[in-house]
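Peer 1: Spelled out from the first residue to the last, the chains are:
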Amino acid sequence: MALLQIAEPGQAQAPHQHKLAVGIDLGTTNSLVATVRSGSADVLKDAHGVSSVPSVVQFKPDGAVLVGNAAEEASSGAAAGAQNAIRSAKRLMGKGATDIDGSWLAKHYEFDLTSGSLPAFVTDAGPKTAIDVSAAILNTLKETAEQTLGGDLVGAVVTVPAYFDDAQRQATKDAASLAGLEILRLLNEPTAAAVAYGLDSEEEGIVAIYDLGGGTFDISLLKMKHGIFEVLATAGDTALGGDDIDNLLVAWLLEKAGVHSLAGAREEAVTKQYARSLKEQLSDQSTVSVDWSDGQGNTWAGQLSRDELDTLIEPLVSRTLKPCRQVLRDADVSREEVRAVVMVGGSTRVPRVRERVSEFFERPVLTSIDPDEVVAVGAAIQADILAGNKPDSDLLLLDVTPLSLGLEIMGGMVEKVIPRNTTIPIARGQEFTTYKDGQTAMALHVVQGEREMVEDCRSLARFELKGLPSRIAGAARIQVLFQVDADGLLTVSALERDSGVVASIDVKPSYGLSDGEIERMLRESVDNAGVDMQKRILLEQKVEASRVIEAIRSALQADGDEHLSEDEREAIDQHILAVENTLQSEDRDGIKSAVQALEQVSNVFVERRMNASVRQMMAGQQVDSLG
Amino acid sequence: MQVDLSSDFFDLFGLDQQFVIEGDALVARFQSLQKQLHPDRFAAMSDAEKRWSMQAASHVNEGYQTLRNDLKRAVYLLKLKNVSIDDETDTQMSPMFLMEQMECREALESAGSASDPLVALDAVRQQLKSGIQEQINDFSSAVEKKDWIAARNTVRQWQFLEKLAREVKITEEQLED
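These protein sequence lines map, in sequence, to chains U and G. Numbering of the first sequence is given in the working numbering, commencing with residue 140 and proceeding in unit increments. Numbering of the second sequence is given in the working numbering, commencing with residue 17 and proceeding in unit increments.
Please keep in mind that the hints were generated in silico from the structure rather than gathered at the bench. Glycine included, each C-beta is placed from N, C-alpha and C at the ideal position. Any given hint could be a false lead.
[As the list claims (entries may be wrong)] So the derived list for chain U, only partly shown, Cβ under 10 Å to chain G, looks like this:
1) His365
2) Arg464
3) Ile524
4) Thr561
5) Ile563
6) Arg601
7) Asp626
8) Arg686
9) Ile691
10) Leu695
11) Gln696
[As the list claims (entries may be wrong)] Counterexamples of contact, computed for chain U against chain G with all Cβ distances above 12 Å:
12) Ala402
13) Lys461
14) Asp533
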């Protein structure tokens with residue numbers, strides 16, 4: 140096992156060590172991992188020389204997990220194995236049982252909707268959620284990276300569709316936790332592509348990123364200048380992608396052959412693969428000959444022209460133009476002001492897609508960048524910076540929250556607290572009061588979406604505020620604070636203003652895992668790993684604790700006297716000693732609470748230092764602007 | 017943890033507390049603040065520093081969004097002068113203003129059935145646009161004279177017009193899709 144690297148505090152004297160960090164494009168149909176080394180961003184290949192990993196996972200009864208081509212190969216063998224190859228699990232991330240009903244997923248997979256809070260695929264190794272599937276893919280990519288780069292990763296930037304809601308983002312983070320992967324940032328796919336494109340082309344001005352992936356569609360408008368990437372607006376459809384084009388072709392084939400439905404999962408997978416190859420051939424040819432058989436005696440032979448494909452996919456392509464109109468409106472930008480339209484995602488190779496989008500934006504779209512790799516490359520560039528390898532970097536990404544966030548109010552309506560396309564991170568508050576005398580509890584329902592009625596929006600979580608001081612109706616002032624972080628994730632907190640009581644909050648996520656559940660999943664994966672993970676977790680905790688001590692000591696040395704009274708300094712020193720004592724033990728909880736206590740007592744010091752450095756920076760600014 | 021980067025947004029961005037501001041200076045200050053404070057700068061640091069950075073960057077974003085928007089900036093300026101817009105007791109609007117708005121609303125409602133709805137809506141939008149400009153001018157002079165009551169009334173009318181303008185936009189969107 141490689142040595143864990145101890146991260147250095149802000150003002151380290153030791154020479155700067157290159158930290159291993161990667162960018163991961165966790166796609167619906169394919170996934171990639173990339174990293175920056177020797178000054179350039181490269182997509183990494185596995186032991187077989189493969190860079191693009193099919194997002195396919197097979198859970199074997201003996202506990203083995205096959206990912207990518209290995210899973211594809213295993214599934215094309217005996218019929219028994221085929222059912223278990225799970226594809227496009229990204230479509231299930233952040234979804235609940237009610238979302239599955241009648242969906243494409245329900246037609247192709249068997250689900251277990253009762254064992255846990257999340258719907259799970261039925262596999263030979265028991266029920267597996269989309270989070271389990273994504274974790275398996277992330278784990279494979281992590282291993283490829285660590286083997287290729289020869290060390291442990293400090294973390295990864297994992298991309299998500301810009302239009303992913305809070306539940307979908309949280310599910311992605313949970314999958315990373317399960318895979319033992321530290322997420323440096325959840326980055327929006329179009330923004331990642333913009334970074335790779337922008338830095339390479341040195342383009343400035345307003346750019347549109349049209350990202351049609353395997354299962355999701357995003358359109359983002361960004362303003363790029365001098366390393367500052369500001370998202371003006373974003374829109375999309377998280378249930379629209381190349382997969383749907385393939386499904387249309389499969390339906391066309393079955394119709395031509397007079398076949399009502401295919402025999403099973405394996406036949407479906409094979410036919411879909413065939414349909415996809417036809418689609419790809421038509422990107423270069425205007426007609427392709429079709430010679431298909433379903434292996435059950437049904438066949439069809441004939442021709443498919445590009446024109447026919449165009450007609451078939453017309454409604455789908457039109458669907459992508461509505462969000463394009465919306466972002467132009469939301470950003471208050473005209474088509475003429477858009478300097479370039481960048482095509483991202485394998486599905487943008489389809490000529491009709493390029494034609495329609497060029498028509499819409501009244502300019503030829505840019506197709507010179509690699510639509511399959513650009514997202515992973517952009518993520519790798521950011522990972523390199525976030526890991527601390529580029530302290531002089533000037534890159535600034537200002538992203539937005541894609542969907543409005545609000546609370547349910549009387550009458551089943553939604554009160555928007557943070558509107559869509561607000562630059563993140565952002566915090567907004569809303570004040571509520573009680574409606575009954577003596578009311579000591581309050582239920583809050585957090586939703587995401589643009590509609591007026593709660594039932595038309597996405598339910599994120601329900602809160603129960605308990606322990607409110609008993610007052611007459613309308614006397615309590617409950618401040619509910621929505622904080623969206625740089626990953627686009629929402630945290631809600633509530634405080635009764637007069638008493639200062641932070642009423643206890645029970646969060647029940649509507650489509651996600653509660654803290655208890657994720658802990659249980661982690662424990663189970665540790666138990667099954669057959670490796671002494673307990674020791675590793677303890678070691679990581681000790682390293683983290685040492686890092687915290689180091690950072691605080693270094694800061695104290697620099698300006699502890701300036702910002703702290705003797706008593707305050709004494710308190711911090713004592714807490715440092717307390718942590719050092721726990722490091723001699725094997726007591727994980729002891730270490731954890733000692734570190735928390737130290738962080739708590741040093742908060743004030745951190746604040747004062749930060750405020751001072753900002754003031755200093757501002758003062759410096761004013762002097763410069765005189766020149 | 018309360019973040020106290022400055023006493024108010026104008027101060028935070030190094031601007032004088034007045035309605036007319038230098039747009040370029042605001043943008044430049046915003047960008048340089050975020051370059052220092054954004055969570056991306058703190059990804060490899062301690063949890064306490066990360067939390068502080070998120071709050072600081074959120075505060076800067078809030079300040080920027082408030083000051084760059086004319087109406088929000090006007091409301092904020094009044095708030096700093098302790099003039100509340102939401103005071104229910106004094107809701108006068110000039111009769112002439114109310115009449116004009118009723119006409120605007122009627123025009124908006126009938127635009128849907130006009131022979132060319134988008135053209136009709138555009139006309140309403142242009143009218144609202146010049147109405148809003150009038151309110152902005154009135155607000156500017158009221159502030160200069162330190163006539164806070166007049167300033168507040170202007171803002172109330174301005175909010176009314178912005179609300180109508182939003183409705184025009186929504187109607188346009190529905191027609192386009």
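Peer 1: Does each hint fit the structure? Answer for all of them.
Peer 2: Hint by hint, here is what the structure shows:
1. His365: 9 Å, holds
2. Arg464: 6 Å, holds
3. Ile524: 7 Å, holds
4. Thr561: For threonine 561 of chain U, the interface hint holds, since the closest Cβ of chain G sits about 7 Å away, which is under 10 Å.
5. Ile563: Constraint on isoleucine 563 of chain U satisfied, holds at 7 Å.
6. Arg601: 25 Å, violated
7. Asp626: 9 Å, holds
8. Arg686: Where the cut-off is 10 Å and the nearest Cβ of chain G is about 8 Å from arginine 686 of chain U, the hint holds.
9. Ile691: 8 Å, holds
10. Leu695: Because about 13 Å separates leucine 695 of chain U from the closest Cβ in chain G, which is outside the 10 Å limit, the hint is violated.
11. Gln696: Hint violated; glutamine 696 of chain U Cβ to chain G Cβ min 16 Å, cut 10 Å.
12. Ala402: 41 Å, holds
13. Lys461: Lysine 461 of chain U not clear of chain G: closest Cβ-Cβ about 6 Å, inside 12 Å.
14. Asp533: Since the minimum Cβ distance to chain G is about 7 Å, aspartate 533 of chain U lies within 12 Å and the statement is violated.
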